[in-house]
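Read top to bottom, the protein sequences are chains F and G. Using the working numbering, you'd call the opening residue of the first sequence number 553 and step up by one each time. Using the working numbering, you'd call the opening residue of the second sequence number 823 and step up by one each time.
No lab work stands behind these hints: they were computed from the structure. Careful: at least some of the hints might be erroneous.
Covered by chain F, according to a simulated footprint, are these stretches of chain G (three or more residues, beta-carbon under 8 Å) [as the list claims (entries may be wrong)]: (1) 825-831; (2) 841-854.
Okay, the calculated beta carbon distance ranges per label pair [stated by the list, open to error]: (3) G:Met868 x F:Val564: 22 to 28 Å; (4) F:Ser585 x G:Ser864: 39 to 45 Å; (5) F:Gln768 x G:Lys884: 33 to 39 Å; (6) F:Val564 x G:Leu879: 42 to 48 Å; (7) G:Glu880 x F:Glu578: 28 to 34 Å; (8) G:Glu865 x F:Arg573: 50 to 56 Å; (9) F:Arg581 x G:Glu865: 35 to 41 Å; (10) F:Ser585 x G:Arg858: 41 to 47 Å; (11) G:Glu865 x F:His605: 33 to 39 Å.
Away from chain F, derived, C-beta distances all over 10 Å, residues of chain G [said to hold, decoys possible]: (12) His836; (13) Leu837; (14) Arg858; (15) Ala878; (16) Ser886; (17) Ser889.
Every residue, glycine too, gets a C-beta built ideally from N, C-alpha and C.
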Amino acid sequence: MPSKVLVARPEVDEATRIMSRDVAGEFVRLASSMLYTAIDLRDGDASRAGFEHAVKRYGPEMVALFSHGDADKVAGWDNSMLDISNAYLMKGRILYLCSCKSASTLGDKLIEEEASAVIGYKDTLTVVTQGGEMLEAFRNVLRKPSVILMGRTAGEAYSETLGEYERWIEYYDQADPLIADILRSDRDALVLKGDEDARLVPATYIIVANTTAMMQVMIAVMLIKVLISKILNIAEQ
Amino acid sequence: MISLEELRRAIADHLRSKKYSIIIDGKMYSADELAREVESGSEIGMKLVNMAIRGALERYAKQSAGSQARGR
């Protein structure tokens, strides 16, 4: 069975609409293209009830939330979607919390409740837009943890995201130091908690593995057929 | 040496000239709104000023480490 990825992106205001379009949407597209079962909760479906229902029904191996947050919660369409009281639902899952502060108190609670790993921000997440679109630097760093969908471990995803921050900071130190300073603040807020070796098994790997197994069975069947025909030939002689 | 007042004015002017809108602490501010927050020294405005100060220090440390390495 392919791994399942749940993405929740309640679009409650301009900030969450931009986050949904420029980051979360790409996460969903990548998950689908990598043949994961992508469960995309938007607007009313990204409520607390909708989120809990989807987690229980589909049992996703990875959960990525794109919303407003605080130290102890991630906001949903109506109230908090994930907080201390339903953190136990995340047991065994890899989480990406793309929201302010939620990887601090909530992040600790999630690990206490045996979530595999949490990547997120322990402090304010600041994002710069221009002309209604997120600057490419912010789009790229916020999307970067999606490398988990390609089979990277949580630790590798965290390091690659920090690397992406460093590349853009170096660029903006020359081009626009204020943007570099905001990126530095976000970089310093990014944390990984839990098992850095946690990873998903990409659906494409499973298909390749199954294909190899099927080919082995087909070759075995052909060999048996050849063997039987030879035995029959010998018997006829 | 630049004063805090001058730094705040420089950041506010920069925000207005670039027309950046910034999502900070869960709220989206237009360039002009955020520039006013910076000028008035509000909590949000000072958050941005602190980012600029910390960033400048890191940039300076990086440059000085680079020039020391070149000097060797």
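So, going through the hints one by one against the coordinates:
1. Counting residues of the stretch 825-831 of chain G whose CB lies closer than 8 Å to any CB of chain F gives 0, so the stated coverage by that chain is violated, three being the minimum.
2. Coverage of the stretch 841-854 of chain G by chain F holds in this model, with 10 residues showing a Cβ closer than 8 Å to a Cβ of that chain against a need of three.
3. The beta-carbon spacing between Met868 of chain G and Val564 of chain F, approximately 27 Å, falls within the hinted interval of 22 to 28 Å.
4. The hinted range of 39 to 45 Å is satisfied by Ser585 of chain F and Ser864 of chain G, whose Cβ atoms lie roughly 44 Å apart.
5. Here the CB-CB span from Gln768 of chain F to Lys884 of chain G is close to 55 Å, at odds with the stated 33 to 39 Å.
6. The hinted window of 42 to 48 Å between Val564 of chain F and Leu879 of chain G is violated, with their beta carbons roughly 36 Å apart.
7. Remark: the range hint 28 to 34 Å for Glu880 of chain G to Glu578 of chain F is upheld by a beta-carbon distance near 29 Å.
8. Remark: the range hint 50 to 56 Å for Glu865 of chain G to Arg573 of chain F is contradicted by a beta-carbon distance near 29 Å.
9. Restraint check, Arg581 of chain F to Glu865 of chain G: a C-beta distance of roughly 37 Å satisfies the suggested window 35 to 41 Å.
10. Roughly 43 Å separates the CB atoms of Ser585 of chain F and Arg858 of chain G, a value that falls within the hinted 41 to 47 Å.
11. Judged by the Cβ atoms, the range 33 to 39 Å given for Glu865 of chain G and His605 of chain F holds: they are separated by roughly 38 Å.
12. Its beta-carbon lying about 6 Å from the closest one in chain F, His836 of chain G breaks the requirement of being farther than 10 Å from that chain.
13. For Leu837 of chain G, the requirement that its beta carbon stay farther than 10 Å from each beta carbon of chain F is not met, with the minimum near 8 Å.
14. No beta-carbon of chain F comes within 10 Å of the beta-carbon of Arg858 of chain G; the shortest separation is about 16 Å.
15. Annotated as non-interface, Ala878 of chain G brings its C-beta within 10 Å of a C-beta of chain F; the closest such distance is 7 Å.
16. The beta carbon of Ser886 of chain G is kept farther than 10 Å from every beta carbon of chain F, the shortest such distance being approximately 14 Å.
17. For Ser889 of chain G, the requirement that its beta carbon stay farther than 10 Å from each beta carbon of chain F is met, with the minimum near 15 Å.
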